[in-house]
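Protein sequence lines correspond, in order, to chains A and B. The numbering used here puts the first residue of the first sequence at 1, with every later residue one more than the last. The numbering used here puts the first residue of the second sequence at 1001, with every later residue one more than the last.
Some hints could be false.
Claimed, not checked - Just the calculated beta-carbon pair ranges, DEER-fashion:
#1 B:Leu1286 - A:Gln260: 44 to 52 Å
#2 A:Ala72 - B:Glu1188: 33 to 41 Å
#3 A:Gly17 - B:Asp1177: 26 to 34 Å
#4 A:Arg273 - B:Met1241: 32 to 40 Å
#5 B:Glu1188 - A:Glu147: 28 to 36 Å
#6 A:Asp128 - B:Ala1067: 47 to 55 Å
#7 B:Thr1033 - A:Thr261: 51 to 59 Å
#8 A:Arg273 - B:Pro1043: 49 to 57 Å
#9 B:Gly1175 - A:Asn52: 51 to 59 Å
#10 B:Glu1042 - A:Pro167: 17 to 25 Å
#11 A:Thr261 - B:Asp1177: 29 to 37 Å
#12 A:Ser104 - B:Glu1188: 16 to 24 Å
No lab work stands behind these hints, which were simulated from the structure alone. All figures in this text were calculated on a predicted structure; none of them were measured in a lab. Backbone N, C-alpha and C define an ideal beta-carbon position, used for all residues, glycine too.
Residues per chain, in single letters:
Number of protein chains: 2
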Amino acid sequence: MTNQAAPDWIGLSADSGTLRGWSISGGTVKASTQIELDDTSEPDATVSSLLNALEALPTTAIIACGAWFEPALRAVPCTPLPDKLIPVHMAGRTLHILPGLRQSTPSDVTQSAPAAIAGFQALNPGWDGVICLPGDTTLWVQISAGEVVSFQTYLSGTLAELITGHPLYQTALTGSDWDKATFDRTVEDALSRPEKLAARLFAIHADHLLEETAPALGKARLKGLLIGAEMAAARPYWLGMNIALIGAQSAVAPYVRALQTQGAPATLADADRMLIAGLTAAYRLLQEPTKAQ
Amino acid sequence: MTNQAAPDWIGLSADSGTLRGWSISGGTVKASTQIELDDTSEPDATVSSLLNALEALPTTAIIACGAWFEPALRAVPCTPLPDKLIPVHMAGRTLHILPGLRQSTPSDVTQSAPAAIAGFQALNPGWDGVICLPGDTTLWVQISAGEVVSFQTYLSGTLAELITGHPLYQTALTGSDWDKATFDRTVEDALSRPEKLAARLFAIHADHLLEETAPALGKARLKGLLIGAEMAAARPYWLGMNIALIGAQSAVAPYVRALQTQGAPATLADADRMLIAGLTAAYRLLQEPTKAQ
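Next up, chain A with everything else stripped away, as it sits in the complex (with noise of 0.2 Å):
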């Protein structure tokens, strides 16, 4: 009854409450669809969902990448794929999981940023550099022979989101709109004063409180505050390299601008292109012999 012939194989991803999954057939996706998570999603049940909604046959290889697939972990540095992907029982079949990295010193860890970054060295072969991931959390990695060699994550998203969604800032962080001219000089003055932060993030409720400061002045402060920071703390990580920066284009627009200020042009790559050609990096280890070691 289907028009449409079973898929090559599947590529899932789950992070920030959402699992997506690609149907793909000759290198190309062919569908797509995703189911929101939360604590109640039963992972069976949410997987067999999502296979049945891209008409995977019992036989079709899944390769799947994520926090939620809570991925075994691989010390740096080291490539971000793995000559094996991990195989593991769920919802019936064997999903190929694609591990996360670790760093000891200073501690670190990222379940999800390796499928990207192996996107991005498949479509970019013999990169160096570092690469900038913004989201949730921001991950500066620097890429060196083809290996990761270290990674920092920086908590600015998600400082960003709740600073947004806490009460002292209920009319004063409104709407998606960010003032350019405000956010340089805020990464200035982050980047100079970056101890000053919870003092400026106070001040923005306090100038909204008082002078009636339009949202877009306050957002841009709370981006370039944040923003600022990580610059001033990542320099060894940007200063003078190449760089590339991969992520929803609301995300890498202010470091975009930010790097920019500070005379450090970054390559773009679209986060869901460098996914899926990560994906299909990993699905054709599956498919050669093992190399040897």
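Mind docking chain B on chain A? Use the hints.
Relative to chain A, chain B alone:
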């Protein structure tokens, strides 16, 4: 039917979601009660209910302070108490409200601190120095010749609360214990590298996930990171100054420790005692003939 004389006056304070009230006679608190506030709390009914519980007569004077009363604001530099309180009609009677303070450069506002500051001054006449009031926000207030010269509010306490409540830290920051040695080390680190805040916050999660670090260590790092950065920013306030700390024991204790390790001992003052002393000083204003300007 009551075996208690009507109070001389009633003091009210409304902040952080609680309306508290005290009935006072002969300079002594005779009874106290409180009501939790939320978005549905109807102001007149809430105040009436509290006044009834404290057996206020229709003629009993009422002195009130706190953000919930949306007090008028006076510009610093000024004394924490005005020459005259602001009469406001509420619950069918006149409440005498203590104004808040505002500052233009840098923008800042405090709707509730003046009562505690005035109380501290009443109990410590002629005192010059810096008063630090930790809580949901931390205020650093510079006092000279009886006036609030300048102040600065930090969002630190609110940030700690938001982070503690985030799913990423579900098991990493439980309980109220905090390891003192870890706190001391973290304050030192944050004083010298305050720009690392967002990365060090994520590292609390990473360490808990990778090494099952105890919550008492995580709590100590959370407090140490926020207070250390704040101490770096507020250095002109505390360095070489008389320092007084006013707040709840749990909020004040890490500040005492952080200041001590920087060679800056602080005097402790009980928050409720200062608040009631401040309301008392305000009550006396009502009874004095208006000062000549």
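Hints versus structure:
no., hint, in the structure
1, B:Leu1286 - A:Gln260: 44 to 52 Å, "violated, 60 Å"
2, A:Ala72 - B:Glu1188: 33 to 41 Å, "holds, 35 Å"
3, A:Gly17 - B:Asp1177: 26 to 34 Å, "holds, 31 Å"
4, A:Arg273 - B:Met1241: 32 to 40 Å, "violated, 56 Å"
5, B:Glu1188 - A:Glu147: 28 to 36 Å, "holds, 33 Å"
6, A:Asp128 - B:Ala1067: 47 to 55 Å, "holds, 54 Å"
7, B:Thr1033 - A:Thr261: 51 to 59 Å, "holds, 56 Å"
8, A:Arg273 - B:Pro1043: 49 to 57 Å, "holds, 55 Å"
9, B:Gly1175 - A:Asn52: 51 to 59 Å, "violated, 44 Å"
10, B:Glu1042 - A:Pro167: 17 to 25 Å, "holds, 18 Å"
11, A:Thr261 - B:Asp1177: 29 to 37 Å, "violated, 44 Å"
12, A:Ser104 - B:Glu1188: 16 to 24 Å, "holds, 22 Å"
In summary, the numbered hints that this structure violates are 1, 4, 9, 11.
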